[in-house]
Amino acid sequence: MLHSFVLSFRLRNAYRVNSILYSLKQIPLVKKILPDRLYQSKALKILGNIISILLEIVNIFLGKILYLWLMIYAFLTLYPTNPANTFLHLIFFLTIAGALMNTYMFNPTKDKYYAMILMRMDARWYTVSNYLYSMLKTIIGFLPFTLLFGFLIGMPLWISVLLPFFIAFTKSIVSCYNLAVYQNKKQVINENNPPKSYWIVVGICLLCAYGLPALHITITPLVFGILFLFFALCGIYAWVKIWYFPYYFSIYRFLLANHSIILSASEQKNKVTQETTHKYIQFDARFTSNKKGFAFFHDLFVKRHRKILTLAIKKQSIVILLLFLGALVLLLINKDIHGEINGLLLTYLPYFVFIMYLLNRGTTVTQAMFMNCDHSMLTYRIYRTPRVILGIFRERLKTLISLNLIPAFILGSALTILLYVTGGTDNLFNYLVLFVSIPAMSVFFSVHYLVMYYLLQPYNVQTEMKSSTYSLVQGLTYFVCYFMIDLHLPTFYFGIATCIFCILYSLISLFLVYHLAPKTFKLRL
Amino acid sequence: MKLVIENVKKRFDKKEVLKGIDFEFEKGKIYGLLGRNGAGKTTLFNCLNEVLEVDEGSFYLVEDKQKRPMEDEDIGYVLSTPNVPEFLTGREFLKFFIDINEEHITNLKSIDEYFELMKISEEDRDKLLKDYSHGMKNKMQMLVNIIMSPKVLLLDEPLTSFDVVVAEEMKNLLRSIKKDHIIIFSTHIMELALDLCDEIVVLNKGVLKPIEPDRKSEKAFKEKIMASLMEE
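Line by line, the protein sequences give chains A and B. Each residue of the first sequence is one higher than the last, beginning at 668 in our numbering. Each residue of the second sequence is one higher than the last, beginning at 838 in our numbering.
Among the clues, some could well be false.
To be verified - Computed cross-link-like contacts, DSS-like style, restricted to lysine-lysine with a CA-CA straight-line distance of at most 25 angstroms:
1) A:K1133 <-> B:K851
2) B:K932 <-> A:K692
3) B:K988 <-> A:K1186
4) B:K839 <-> B:K904
5) B:K932 <-> B:K946
6) B:K967 <-> A:K974
7) A:K970 <-> B:K932
8) A:K958 <-> B:K964
Rather than coming from a laboratory, the hints here were simulated on the basis of the structure.
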């Protein structure tokens, strides 16, 4: 068993070190310093090993302290009950819920796939030895913090010492139960996709954990002591069963059959994005097009992507309209707040930059354009001719601007009406500026996202986003819009400045697209 | 008509993949491009298709003894993994391509005639491309390139996803259109190259080399190709 464990530990460590080196190679400046043959470098391997050990230590302790602090200790002040009893109560029920959802044994992971499926290591010894190690990590990881928090809240020392063992026993009982389910029903439980009954138990446990103390009901040390004895006996029995269980390989052959587990995190994310984007395509034979050429192509794209285009805009418009009507009713009922709202409308226009940023779905739409259309079409040379690129760009821009203008006009009109209802303004231009500046912002975001997509085309052949410039622009857009929240400027001046900026930005960026897109809008290899 | 490649070089970081490609491809022939994994076949295609910029050298067409650069309409590229816009039906995809290329297409047929050419059944023609099988998507990709009738057609392992019957049909189709085109066919399968192609060129160590056919026996010719592929 020890031999199996050492082998599996070395295997896990080897690919963890390689993953660390790979991650280092992805950092823009560091990758230039690192040699191409970095996996052969002894010094880098040592560095990787040190980072790997540090990660293992963090993995043992950090999660535990965060869990005890954020899920339990932080809640103690909310309840009128004795803190030590509440702590005990919360940890008791959360442990049962956690044991169902986090077994370690039934989590299909890469290390298990490599060891048991690819390397054909003895499944029983691999599982038992690694399970023992994971339980040891649980006990060692929890002990310092149950002692620490126990000391802080005046919990009896014996409880602080027993709690980590209680957690380990409960986890073992659940694992043993899952093994029994397989043995009796040939059903393999995947902890990432647990059966409904588990969710129900978890729900009940959460309700008991956070609900009962509010009703002055908690577990007392005596009750815990009795329950601990029961769980310990069951846990020891579970350990005997786990040790002698003969069908681990059959379980893992089933559990690890899904090849997506061997994909890296970014590959998995990319796969999920691709699948989600493909689901946007809705085919309805009623929706065809009588247009020709670029207009035909784009018209069908819009009709087959109604979910993220027209329907999304419709939903936004309805929500804005309802909020406006709600605000209107509120203002008619309560006239005391008119002055305050009027003041806000005349100084809070910058805030609406952020609102318009949130309303614009540029990233989702350009992602769908790439995944479902341009990814394949850009492989055709004819699609990359300036005539076709700019022809389709024009169609797309027209659609995005006109669609996004619908909720923008509703919002612009709503704000103008609210300004009038709350007492109006001496400067009549304020109405016009308020009404025009929101659609101007909408045009800006429509142009901005599409132009960035055409100038920076950030995706590669594998549909992964590979442009750090594009990410930077996205981040900057967010920060600038977020910064606007705290900016309070007269609507009149800010509105005029916004309109001028939007016109200039649109003109410059369209000029750039017409000159540069035929060169920049291509697949990254 | 000839496609002339002169001293084309391409490197990625420190690795020089193409070390000076010099070659002349002639109209009316199918060229079998053979090379080991990582030899640079796809890189060469991507350079010719101008997805990648060459570091040095140039390529151009010679027509009626006049040199001219390759235009977008002159080149078609069929990839081994089919690339079709999944939100369109097969019919809509063809309509769009015909719409935007009307002025370049000679001898334009009806969309259904094109489907017939590729033996795509009536019931599949109005289905979304996302519901097509891998092989059918490949047929559509090939069909679009045949409709466009580019002067140079680059084929990167295009027959591997077809069943034997369709593969045979595709080979016959390529043979029937070769008289008006320069077809460069990249493959790993030597038998396929020998069966379909008029000339064999080997890309090894970043250099493109023609292999003169051995008139005496096919076995000797194969050995010659193998020797060229394995040359260190």
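List, from low to high, the hint numbers that the structure doesn't satisfy. Hint check: 2 fails alone, others pass.
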